[in-house]
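Keeping their order, the protein sequence lines are chains A and B. Quick note on this note's numbering: the first sequence kicks off at 1 and runs consecutively. Quick note on this note's numbering: the second sequence kicks off at 1 and runs consecutively.
I should point out that these hints are in silico values taken from the structure, not numbers from a laboratory. The beta-carbon is built from N, C-alpha and C at its ideal position, and this holds for glycine as well. Worth double-checking, as some hints may not be accurate.
As the list claims (entries may be wrong) - Estimated spans, in silico, between C-beta atoms of each pair:
hint	chain 1	residue 1	chain 2	residue 2	range
1	A	F203	B	P114	45 to 53 Å
2	B	E209	A	V125	52 to 60 Å
3	B	W231	A	S26	57 to 65 Å
4	B	P172	A	I124	23 to 31 Å
5	A	I124	B	R62	42 to 50 Å
6	B	F86	A	T98	36 to 44 Å
7	B	W231	A	P242	36 to 44 Å
8	B	G43	A	A181	34 to 42 Å
To be verified - If you want the ones that stay clear, here's a sample from chain B, every Cβ over 12 Å from chain A, calculated:
hint	residue
9	V12
10	R49
11	T82
12	P92
13	L137
14	V160
15	D174
16	L224
17	G279
What the hints assert, rightly or not - To list a few chain B residues with every Cβ distance to chain A over 12 Å, as calculated:
hint	residue
18	F8
19	L54
20	L58
21	L65
22	L111
23	S141
24	V144
25	A277
26	F282
Here's the letter readout for the chains.
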Amino acid sequence: MSAIPTSSPTPDDTRQRGPLAEVLFSLLRSGTFLTGLVIVLFWVGCALFGEHFAPYDPLADDIINALAPPSAAHWFGTDQIGRDVFSRVIVGSRDILTVAPLATLLAAVAGTALGLITGYFRGIVDDVVSRILEAFMAIPVVIVALLAIVALGTSKTTVIVVIGLSFAPIIARTVRSAVLAERELDYVAAAQLRHESALHTMFVEILPNVIPPILVETTVRLGYAIFAVATLSFMGFGIQPPSPDWGLSISSNYGMIGGGFWWTVLFDALAIASLVIGVNLVADGVHGALND
Amino acid sequence: MLAILSFFVRRVSLSLVTLFLLSIMVFLGGQVLPGNVGRAILGPFADQRAVDALNHTLGVDRPLLTQYATWIWNFVRGDMGTSYIFRSPVAPFVIDALGNSMKLAAVAFVLVVPIGILGGVVAALNLNRPLDRIISLGGLSVTVLPEFVTGIILILIFGVWLRWLPISAAWPRDAGFFTQLYYLILPSLPLFLVLFGYIARMARSGMIEALDSDYTRTAVLKGLPWRTVIWRHVLRNALLPTITVIATQTGYLIGGLVVIETLFRYQGIGSLIFTAARGKDFPMLESGILTIGIVYAVATLAADFLYSVLNPRIRLGSDQ
């Protein structure tokens, strides 16, 4: 957890808690946050250690037992080449939980820098950059990503960079509006009177005060990053075979659900659903705790 | 009047700037980043002379600025270039696909706008009661899910287990209006779910704000019946922001179409883009994306105007 510097704690605070403790305390009381956290931690656990407790090798095929319905031997059944769906669902959390958070991190860093610059300098810099960012936001992320990935070739790095850069404008917009309000305050004027450089004023003076909105927006973006990575994988432009991945598994198996092989897609779909909802519950909790 | 006109001019020019930047991005992505187009089409073992000749025929050996100018000028005149894969003009494909997508989007919109608004209004009128919780939490949960995930689950429920609806949107040839509609219900449901949460949330918060306002209190205190207060005073003010949200969602709706049309094998603009992307058919891909950009820009403009006509207050305000 990074520190949440808001206003400095007043000495006469009777409860003797700093702002960080205050936020943590209200997070721990939030049922939404805790529910989300449990779900997310479960999948993080699967991503980190899944390989060790998955009952089968997620890549091992077994043609004789292909498309077997759920049973005691294969809890979630097997897919079209006999791979154990349960093991693939568990290990399938790994790639998406690497790619999505890294993309979000990139978006947060790039978006914060852009937001600080546009909000601080305003004027022509703001106008030019904001128009460019608006153009970016005018097309759905999935389509921007599709274009870029087709042009650059599919790889995890491309997916991270493309999603990161597509989300940066949205974070930039949030940061910009927070900075616009912040820069009218006395401490910014004081820094300018001390002849601090613009860089110092932006990153040392203003940045710590706009961390809460950045944190909220970043958590929300993480949910959308998972959404985007899963969708790209489903369309064949994200995580590549033979990696076990939820979106990819659905795309390679959904052609057969007309035949009633529901177990080859249902569990992957539920896994994506639970992870996305978990992250959004966490985001909701963080939002609530920081806006109390 | 002058204020309306200047608002109009500013909004339209803003959209044009956005579209211009988008076209540059599409051009860069479709024609500069991929590198040697002739080589990509003919493969790594083709003769260099054949590659050069193809590049010359396609016009990709000219200076970038010339290429961009020609491309955009042709696009504006309705010539979207020649598909690498089909070796025939792109425009008819795009127009056909756009028409199909509009059908699908229309079904989703016709379902979601009234139901979403109704959901939000009902939630606001039952603020913090169980019904509100169910609508708000349920709406929020389905909104954040990828369309293909809700799509798969809906296909399993209504197509595979209950067998009520066809699992593909490809209707039989010469199908009539109602048959087409029947085939479009299942594909439109995931889009419905994504949009429902947004629309209901906006309608709910607009309602809460309007219910809390001075004019509502005045209306109640002067003895108007509750029903009149809601219809004449609250709803009118509450639904303004919802209109904007509905229009902004067009973009997301189209993004969702790419996935939904792929999942349901429907020949719309989304699956056109998807197929073009898979086949590296750049003229098709570029035209598809630019078309979507234009649709989005027009929808946003329309929403802005509708909003400003309904709410004179923002016409005179700044654009912030």
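These are the hints, each one checked on the structure:
no.: 1; hint: A:F203 with B:P114: 45 to 53 Å; result: holds (48 Å)
no.: 2; hint: B:E209 with A:V125: 52 to 60 Å; result: violated (34 Å)
no.: 3; hint: B:W231 with A:S26: 57 to 65 Å; result: violated (40 Å)
no.: 4; hint: B:P172 with A:I124: 23 to 31 Å; result: violated (58 Å)
no.: 5; hint: A:I124 with B:R62: 42 to 50 Å; result: violated (33 Å)
no.: 6; hint: B:F86 with A:T98: 36 to 44 Å; result: holds (38 Å)
no.: 7; hint: B:W231 with A:P242: 36 to 44 Å; result: violated (60 Å)
no.: 8; hint: B:G43 with A:A181: 34 to 42 Å; result: violated (56 Å)
no.: 9; hint: V12; result: holds (14 Å)
no.: 10; hint: R49; result: holds (26 Å)
no.: 11; hint: T82; result: holds (18 Å)
no.: 12; hint: P92; result: holds (21 Å)
no.: 13; hint: L137; result: violated (9 Å)
no.: 14; hint: V160; result: violated (6 Å)
no.: 15; hint: D174; result: holds (23 Å)
no.: 16; hint: L224; result: holds (35 Å)
no.: 17; hint: G279; result: violated (9 Å)
no.: 18; hint: F8; result: holds (18 Å)
no.: 19; hint: L54; result: holds (19 Å)
no.: 20; hint: L58; result: holds (16 Å)
no.: 21; hint: L65; result: holds (19 Å)
no.: 22; hint: L111; result: holds (21 Å)
no.: 23; hint: S141; result: violated (6 Å)
no.: 24; hint: V144; result: violated (5 Å)
no.: 25; hint: A277; result: violated (5 Å)
no.: 26; hint: F282; result: violated (8 Å)
Going through the hint list in order, the structure does not satisfy hints 2, 3, 4, 5, 7, 8, 13, 14, 17, 23, 24, 25 and 26.
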